[in-house]
Structure formats: structure tokens, C-alpha cells
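J.: Sequence:
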Amino acid sequence: MGPIEYVAVARGTVVLVSHQETGAHFDYLVEDVLRDIPTGAEFKTTRPRGGFTFHLLVGGDLVFVCATSPDASLHVAFQCLGQVSD
640 MGPIEYVAVA RGTVVLVSHQ ETGAHFDYLV EDVLRDIPTG AEFKTTRPRG
690 GFTFHLLVGG DLVFVCATSP DASLHVAFQC LGQVSD
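To get this note's numbering, take the position in the sequence shown, counting from 1, and add 639.
The hints are simulated quantities; they were obtained by calculation from the structure and are not laboratory data. Keep in mind the model is a prediction, meaning the values are calculated, not measured. Keep in mind that the hints are not guaranteed to be accurate.
As the list claims (entries may be wrong) - Estimated spans, in silico, between C-beta atoms of each pair:
| no. | residue 1 | residue 2 | range |
| --- | --- | --- | --- |
| 1 | Gly-679 | Gly-641 | 28 to 38 Å |
| 2 | Gly-679 | Asp-710 | 13 to 23 Å |
| 3 | Gly-699 | Gly-662 | 25 to 35 Å |
| 4 | Glu-660 | Leu-713 | 10 to 20 Å |
| 5 | Gln-659 | Asp-710 | 13 to 23 Å |
| 6 | Asp-700 | Asp-671 | 31 to 41 Å |
In this text, a Cβ means the ideal position worked out from N, Cα and C, and glycines have one as well.
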């Protein structure tokens with residue numbers, strides 16, 4: 640298992656596509672995180688949920704999400720999101 644345990648692309652609160660490396664149940668957690676995220680702007684943020692850290696890259700109406708363990712590198716998380724968003 641690598642540092643990135645879950646990756647998703649969402650439009651608003653709707654997950655369009657996702658992939659996970661573990662058997663954890665990310666559906667509820669990412670839904671909870673996405674409810675708090677405004678769209679229409681461009682920014683990065685990090686939110687803890689359920690023992691994971693969710694990193695988000697928001698660009699317009701799309702939200703790129705990855706989940707890591709709390710001790711994972713921010714650099715690795717946002718590098719992953721940058722690659723997914725390209």
C-alpha cells in the first residue's frame with residue numbers, strides 16, 4: 640500500500656470516478672468532505688475524516704480528491720492531485 644489510499648474526481652458533491660488501494664469504505668467519508676467544499680473557485684485544502692487525511696484540489700466545478708494516512712507527505716498528495724487534474 641502506498642501513501643495514496645484513495646483518489647476521486649467529483650463535480651460538486653457527485654463522485655464521477657474513484658479508485659482505492661484498500662478495503663476502507665471511502666464513499667461516506669468523501670461525501671461528507673465534499674459537502675463542505677465550495678466550488679467555482681480554485682484552491683487547495685486538506686480535511687481530516689475517519690482516520691484519513693483528505694487532500695482536495697478544487698478547479699471550477701471539479702474537485703480532485705485523494706486520501707492518505709495522517710502522517711503522509713502533503714507534497715506527495717498534492718503532486719498526485721496535480722497529475723490527476725492534468
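J.: Compare the structure with each hint and give your call.
T.: Going down the list of hints, with the structure as the test:
no.	hint	result
1	Gly-679 with Gly-641: 28 to 38 Å	holds, 32 Å
2	Gly-679 with Asp-710: 13 to 23 Å	violated, 32 Å
3	Gly-699 with Gly-662: 25 to 35 Å	holds, 32 Å
4	Glu-660 with Leu-713: 10 to 20 Å	holds, 19 Å
5	Gln-659 with Asp-710: 13 to 23 Å	holds, 19 Å
6	Asp-700 with Asp-671: 31 to 41 Å	violated, 19 Å
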